[in-house]
Structures are given as C-alpha cells and as structure tokens.
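Visitor: If you want the building blocks of each chain, they are given just below.
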Amino acid sequence: MAVLRTFLYLLVYPGILFLFAYSTFSEWFDRKVYARLQNRMGPTHTGRFGLLQPIADFFKLLAKEDIVPEAADKGLFNVLPAISLAVVSTAALLLPLWNFDLAKPGLTSFSGDIIVMLYLLSLPTLILFLAAWSSTNLFSTIGGARVLTMLFGYEVPLFLAVLSPAILANSWRLAEIAAFYQAKPLLLLVNVLGFLVALIAVQAKLERTPFDIPDAETEIVGGTFTEYSGKKLALFRLTFDIELVVASGLLAAVFLGGFPGGVVLGLILFVVKTLFVIFLLSLIRALTSRIRIDQVVAFAWKILAPLAVLQLLATILLKGFLS
Amino acid sequence: MRVAAFLPELLRHLFKKPATVDYPFKKLEVPANFRGTPYLRPELCIVCRACERDCPAEAIEIMAVNEAEKRFRMVIHNDRCIHCAQCVDSCPTTPKAMQIDSLYELAADDRHKLKKDWVYVRAVMKPKPAAPAKEPAPES
Amino acid sequence: MSFQIPIGPQHPALKEPISLRMTVDGEVITDADIRLGYNHRGLEKLAEEKTWVQNIYLTERICGICSHSHATCYVQAVEKLMEIMPPRRGLYIRYLVSELERVHSHLLWLGVAGHEAGFDSFFMYTWRDREIVMDLLEMISGNRVHYAMNTIGGVRRDIDEGQKAKILEGVVTLRKRSEYYFGIGANEPSFVARIAGVGMLTKQQAIDLCAVGPVARASGVARDVRKEDPYAVYDELDFNVCTSDSCDVLGRVVVRVMELLQSYNMIEQMVKGLPDGDIVVKAPRKAKPGEALSRYEAPRGENVHYIKSNGTDKPERLKVRAPTLGNYPATMVMLKKGFIADIPLIFAAIDPCICCAERAVTLISARSGEESVVTMSDLRRQALDRSKNTPVKGKSVWPF
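Residue numbers (numbering that gives the first Met the number 0), protein chains in the order written: chain E, 0 to 322; chain C, 0 to 139; chain L, 0 to 399.
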C-alpha cells in the first residue's frame, strides 16, 4: 500500500503528471497575461482559450527531427535535458503541498529542505552551461558563458532573500516556515523587501526579460539552445515551465504563507498564490527591456545584494526584539 | 528616469479588448478603393493592348484566337500581378474594360490556378467615342 | 580570447540577409567587417528593359518600407527629363503620402528598436499605433505597402473631404501617442541603459564618413535635403530639421521621434492648404535624350536616383543610391568598442534597408578567398567562353 502510495505520489500528484499539467497551464497563463498586457490575444485556438497550446507545442517538438551536431560531446549533449527535467521535478516534490506531517519529518519535508530546494534550483543553471558548452556552437558558448556570469550575480541575493524569512521563523523546513507565518500573518509584511528581491532574482534564474541574456535571440540567435532541437528542446522547455512553477511555489511558501488546509483547500491556495507570483513575473517581463550582461552583474551587486542584506538585518533585529 | 514607466498603460490594457483581429475567423473591412484583383469586362474591350504594354509585371497577355472573327483571348496571371492597377489607369474605354475588385485572399496551392482568362469578340468603338480621359495616347 | 562571430547572413536580429563579421574579445567587439551582396536583384539592369511607366512600379519595389521614396525620387527625375511640371494639387498629395510614409517608417523603426533591445511591449504598442497610419495610407492609395500613388506628371488618386477629415483625426491620435512613446523611451531605465552612450559617432566622424539622414542628424549635423535643397512643396512648408548632440542610439531615437512630430505638423499643413485643380498632367511616352539627377529625403536619409535617357521610351541607365549605403561606413565605426549585446541595436539604429543598398556583388574566390573586380569586357569574355565550352543542352546531364 505504501509503495502504491509512493508511486501515486511520484507519478500523479504532486508528481510528474500534475506537474506537467500545471506547468503547461502556467506557461499558458504567462503567455496569455503577457499577451493581454501588450493588447494582444495570446494563444486562442488549441483547446478552449488556447489552454492546450503549450501541450500542443510540447508534442509537436517531440515529433520534430532531433539533430546532434558532429562536434558535440554526444553523451553529455543527449543526457543533459533529461537530467535537468529530473532535477526540477525532484525540487517540485519538496514543495509543502499536502503530503507532509508538521510534527514528523518525512522524505519530502525535513529540516533543511529549503536549502536542498535552492540547490536543486541552481542545478539547472549549471546544466544549461554544460549543455551550451557541450554543443560547441559559437553562439551556445557565448550563451553558456553568460549563464554562468549571471549566476554569480543573482544567486547570492536570492539565497539571502529567501533565507531571511526562515531566520525569523527559526526553521530550515519549508512546512514549518509556512506554518509560522500562517500563525502570525502580520510578520509577512516584514519580508516584503525580501519578496521583491527574490522575485527579481527568480526572474533572472528563469532567464526571462530583462534577464533573457543567455538566449537573447537578437544577439546570439538561440543562445544556449542554439543546437538543441526536437525532443531535447521540448524537455528543456518543460524544464523551464516546471522551474517556473517550483520557483513561484517556493516564493509563495516562504513569503506568502504557504498552502494550509489539506488537499483541496491547499491545492486551491497553491494555484492562487503561484499564479499571483507568475503574474508578477509576467508583469516584470512586459515592463522592461533586456539589459546587458555587465549591467546585470552591476545591478545584482550594487542594488539587489545590499537590499537583501538590509532585509536580513531587519529580520535579525526583529527576531532579537521579539524574543 | 522613472522605474516602471510603462506600468499604467500595461495594466489599463489587461482587461481591454485586444487590438488584434482573430483573422481567419473575423475579417477586417477594406477601404472603398482597395486595389484587389484585376478583371476584364470583355464586352467593352477594344483590344488596344494598352494594359498589356503598361503592366509592369507583364501579368496581362492578349492573344488572337481567330483574326478573321476578331476573337481574342486575354489571360491575367494573378500570380505575377502586383496590384498596382496601372491597367485600369491605362484602359482608354469609358466605362473601363479593365476593372479591379477588392478581393485580397488570393492564395492557391498552384500558381496556374491563379490564371484567369476570357475569350471574347473585340468590342467596336461607339461612333461618338467619349474622349479617352487622362490617358497618354498610344503613339509609340 | 579573441574570436570571430558571424552575424548573418541569416540571423534573427537581421530582417534581411547581410553578413557582419565581428571579431570579439570576450564580449567586446574589437573589429567589424561587413559583406554585402546577398540580396542583389539586378534591378538597375532590369529597369533598362522596362518603359518609363513600368519603371515607377519597379523602383517602388526597391524597398518595402520607403517604397514611396524610391518611386517619388524616380518620378522627379523623369519629370525633369520630360520637362513637365505636375499640378500643385498633385504635388501636395504626392508629398502628403511621403510624410505619411515617414511617419509609418519611423514608428516601425521605434518598434524594431524596442524589439532588438528585448523590449517587446514597446514593440507591440508602437506597431499597434502604426496601424493608424497604415490604414490612412490604405484609404488614400488602396494599397498598404506599395502605394502606387505616383505617375509621371502627378499622382493617380485624388483625396476627398471625408478622407481629409480622417487624416487630420488620425494625426491627432498619432501625435498624442508619439509623445507618450517618447516619454517611455526616454524614461524606462532598462531601455535607456541599453541605448544611452551606445554606438557613438562624433560629429566630425559623421561628416567624414558621409553619414546621412537621422544618423547624421543625431550626431549634430543638420543635413536634410528637404531644407538644404527644397524640392517641390517643401519650401512652402514650415518645419525644422531636428538634431541631437548626444551622438548615440538614444540620440537617434530622439531625432526620429522629433521628426515624427514635425511630420504631423507638415501633414496638417498640407491637408489644410491643399490647393484645388488637377492632380495629373499628361506625360509623353518618350523622353528626350539627356540626364537627370534627383534627390529626396527618405525616412532613412538622402536618396539619389540618376537617370540617363537615349530618347526612347526606356531609360538607358538608372542608378540608385539608397540612404543605407551611405550609412554603412559610419556603422563600422559605431560597432567598434561596443558589446556583442549592442550589435543588433547599433545596426538597427541606422534603420538598415539592406536590399535597397544591394547595388553590387563582391566576387570572392571560394578556394583562395581572394577578392577580385571583374570589368564588363571580362565578364563578357567569360560568359562567351562559358557558353562555348558548355555542352549542348540536350546532351547535358543533371546536375550540370
């Protein structure tokens, strides 16, 4: 029974099937909001309101010809999309959705899972760099170098911003942090600055405008994905969709009070809160133009990092004041 | 410099009707004098060949089918037509034998399907020809 | 680490084929090289086979954006050759369409600049409002892109009172929107960060390298054919030449937006002061032998057409100097010391119309990489040799 439960948990909810459905839905939501902000229609025809468009895109890409460059490191080139998908799906399992017991740590909810989650979210970036490097294309190489350069910019502010609410909650466990803020919702207001910093850092992590520098099509063609096609590109795109869900889920769990209330209410809260975060991310995407790589690093270290440190300082002071 | 200068405009449009049109399902109106596809009114054509000579894309062809019967054939190659309506301007008859309509959805899977032809007997000019309006007389 | 990256001939930042070879050191460009000739269509030769009337439509197709510019420039030259003067109403309508075209071209460029910088919202909004002027042009001429308004000796369509009212109404909206976009373009921090101080071209460089149009004006050189050598109706209109001293891409944005506002004024002046009378005079089918040169300020800069006539109904020679060609040397200077990320913006900032400028091809030997110049007699000899040595068609086997 326990085995069956685990399988259901892994494959159906909140495992790969739910993730696939929900991440394609969030891609649709992102595209639709982005389009409507620009006074366009967005996806319209596949399914009702174009809901099935991301799924159709995915299957279409699966059916396309898959080309591996002659000079590429074939093993690495072929296996990386699957690894990146596995990594972000694993990260998704750590979201405090419903299958956890606050009193008793389990496999998917344990002390320190927030750190594991952050590292699992960093891995796709490194995988992207490897993918770019192994495809040996000139544009990919430049894209890969940009991925790593950007990583040095946004990673520190993201960690500082996400960990400061954990310090206030006095726990390294996502479920406990969420429970702490559910008990004292007013304390959420303390973390608004950290939320904004984390939002921008997540935008950079997901490589969306203004940080879509590694795959800036008008500069370096496909960037990191220049040589990827067919199934592998489909997997990478799915990775990014799932990463969008996981990252927004993480922000919702840490900054917006998590998803209490069991299976049904929890799911509804999860959907509402992640969609809110995705909406904000879409808004940033529509509001800005792509900036240069040197500007990203300067921005991250001159503005984001000091703000994150400020947030940390405020949190620590407040914690001393409260205790 | 203002952070998020575009924000009010974007948010205002979030719930507005999109500016784009759901094209193949809804169509836009074309203006009154739209230059669409050229066509011939064979009962008026006097076979002066002004349109054939002036067509920049050489899309109009006039051939004699039977000289004795004064029977001619005109082919308009819509695959070559650039919709400039010079043929309409060049046509010396009143009312004009060459006309242009406002059809713009001309796509076909084979360029030969775009050909249109008319076989007709040459029209005779009326005894009192209305002075051909603003058309350079073919003097070459 | 220094290496060479090829931008083009096929690249998402380029709307037409051209090859830019950038030698980069990390992200910084150290050297730039340009290769033309991917879109050469033999248009000047084709013009020698067509009559004066047919050539209007041929020259119109040199460019898709400034189609009216090339047709007008050609028609001006032919009218000089034929010694005819179009009626004033015809001239007003012709240059009204010119200014509307400038509006559409500059709005298009604003959108493209936004897209190249990754600012897609800006792109979508400017292009949405560009639809207003596209609709006006379609209403006046019946076509959206190649208006086919010009004919030798005037224009082909008159405009009525209802159309006048619609133009004025459209211009009011457009002016409001253009001012708004100016505010966005100069205020959105991420966009300004991308365009300010990028692609510097000093005033002296602009003069030395013969930059034309908005590129020269953004470097503080007040060079505008409409003011320096007023043709047709421009000496009757009240307008300023807009310049900027910032010498960078931001300056080019500013100049173009200010020119938009000047164009709206001119459109209003022309619509309100539209004289009565005919729109066209009858033109002969043949031109006297002679030469004519005509200059025209296209949205991208000075456009020059040279025509030689030999007394028949066809030109003996048509030479087109499109504005983009004049801006290539300046672009090479602008690109140096820039970042890879700046390439699309700097290149887009000259508003390149690549196929306009494709008047020549370079011959490069595929084996040795040597460039060579072939004279007409050489080409003729080679062609003859080739036809002598090739087998008779019936016997040849595919592939040849």
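Because the hints were derived from the structure by calculation, they are not lab data. Do not rely on the hints blindly, as some may be mistaken.
Unchecked claim - Computed, partial: chain E to chain C, Cβ under 10 Å:
hint: 1; residue: 30
hint: 2; residue: 38
hint: 3; residue: 40
hint: 4; residue: 228
hint: 5; residue: 285
Ideal Cβ positions, reconstructed from N, Cα and C, are used throughout, including at glycine.
Visitor: The structure should be examined with respect to each hint, and the outcome stated for every one.
Guide: Going down the list of hints, with the structure as the test:
no., hint, result
1, 30, "13 Å, violated"
2, 38, "5 Å, holds"
3, 40, "5 Å, holds"
4, 228, "28 Å, violated"
5, 285, "6 Å, holds"
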